[in-house]
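Residue numbers (our numbering), protein chains in the order written: chain P, 146 to 563; chain A, 13 to 168.
Since the hints were derived computationally from the structure, they do not count as laboratory data. Heads up, a few of these hints could be off.
Claimed, not checked - Covered stretches of chain A (chain P as the covering partner; in silico rule of three or more C-beta atoms under 8 Å from a C-beta of chain P): (1) 74-88; (2) 96-105.
Stated by the list, open to error - In silico DSSO-like links for lysine-lysine, alpha-carbon gap of 27 Å or less: (3) P:K371 / P:K190; (4) A:K17 / P:K275; (5) A:K118 / P:K503; (6) P:K346 / A:K28; (7) A:K118 / A:K17.
In this text the structure is predicted, and so the values were computed from the model without any measurement. C-beta atoms are modelled at their ideal positions from N, C-alpha and C, and glycine is treated no differently.
The lines below spell out each chain.
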Amino acid sequence: MEKILLKNIDKPESHKIESYIKNGGYNAVREALKLGPDDIIQRVKDSGIRGRGGAGFPTGLKWSFIPKDPTLDKYLCCNADEGEPGTFKDRAIMDNDPHLLLEGMMITSYAIGAAVGYIYIRGEFEFGAKRLEAAIDEAYREGYLGKNIFGSEFSLDMYVHRGAGAYICGEETALLESLEGGRGQPRKKPPFPALAGLYGKPTVINNVETLACVPAIIEKGVEWFKSTGTEKSPGPKIFGVSGHVKKPGLYELPMGTTLRELIYEHCGGMRSDKPLKAVIPGGVSAPLLVPEDLDTTMDFEAMGAKGTMLGSGAVIVMEEGTCMVKVAYITNRFFSHESCGKCTPCREGTIWITKILKRLEEDRGRPGDIDLLEELCGNIFGRTFCPLGDGAVMALRGAITHFRDEFLNHAAHKGCTA
Amino acid sequence: MLTDKVREEILKITAKYYNKRSAVMDALMLVQKDCGGNITRGDMEDIADMLEIKPHEVNAVATFYTMYNYAKPVGRYHIQVCRNISCALLEAERVIAHIEDTLGIKTGDTTPDNKFTLSTAECLGSCGTAPMMQINDNYYENLTPDKVDAILKGFE
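With these hints in hand, go ahead and build the complete structure from the sequences.
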């Protein structure tokens, strides 16, 4: 498969504009400016691309919700708050091929009528933020950003906004709150950002990888994009594999690649003789899968049918001997740490779940702890403002469903039987 | 007290946004870096003045995000070891214990010479090169105890 997302990252000086142009960069945006906004949105719709940040919302449809009124200010925000544990794909693009993201943002801004674009990058990614700022400076110097780009009527300013350590800012309305200078707490929807987003203006928020797909959709065409992947989840996807495999890392493969192919062919299989015990397929919010599920394809539909999700495509592989109670504890400790505190079920519930999992992990569990965990899950799921609480619950339920005996043994002080 | 240099930079940042308030995150980080680690109440009042917001609104931001060291002083080098799942699977705990032994401090503490503070962090987005840590702005990946020793020596 021809790569479009990671094609440049190993090239010398891949972060520089000269290198990007030499490798065919900034042709797609020239092409797009000839097409006009409506045609671009139609093409992106026809390509069937779905958001790569985790939710899988159809990108073209999202763009089409933006009002056409030319007197309204509109914004594009790139969600680069990559924080779902196990995910490290957007960072690779920003560190090594920042102009690919900029070109995707230029085309998107033109399509939706935005004159300003912000890249909301998580604060820890200092290196990536500097690379992006340098890339933006280069683009201004070449006249690719600023007034009347390529002699057209289109003008665009672009800025980097650094986060400061908050997983919740990956939620799109929390990201907007943060960008406006507040605590990153999600907003009530509706109104959706397409109508009232940043500073109350129509706003599109797209993930880095989604935006990085846009130049190829324009340049290579809709049919080319659809020829990769599955019918309902077309295109290439970056899978980030971590954990107990021989070759962890990033793999750009067609949507619909099986977990087995990803782990045993591309990642070289398990790191030792110990067989695979469980896989988290899409970042820690995604319920885990077990060896029987390895022939499941990595796309939005097949993962959904298995009761889990493709999420960000962050695949965390665990070998036999891994304590699932400990995995659940680490995961929920994260969620309780990152709960923004806005709504009670998530703020209080994730703390209690973490406390119970900690005592189970330390063999100080009490009879009935597993029932208590399940009751708490029921009190969080579907009752929170944003999906953070749901993610915590889904992950925990998945672990208990598949490894109930391990949880019960910990509760009965029989020690870890993993 | 904000230095003139910081004031000038904050002013430049406000130009990126529709309203000045949006500059509060960058302003806090600039102040933190400029003053060598810790943001004070007075700094927050100065920032509030510059951005035409209330001091409590600056405080609300300073206390929400983990990267601001308001009321949590740190040493010159802030070591943050990722303890989330991908790093934990590859023995991040061993890395943390090794640093605790080497520096003679517990997680959360600062060495008596105020040189190192050791913290744990949630996922830093470097999972394919686990286990990893961040020291100030830089990432250190694929860690082993030997590698950690060499890195810490580099700060001497």
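Quick rundown of the hints versus the structure:
no. : hint            : result
1   : 74-88           : holds (count 5)
2   : 96-105          : holds (count 6)
3   : P:K371 / P:K190 : holds (11 Å)
4   : A:K17 / P:K275  : holds (20 Å)
5   : A:K118 / P:K503 : holds (20 Å)
6   : P:K346 / A:K28  : holds (16 Å)
7   : A:K118 / A:K17  : violated (36 Å)
In summary, the structure is inconsistent with hint 7 from the numbered list given earlier, while agreeing with all the others.
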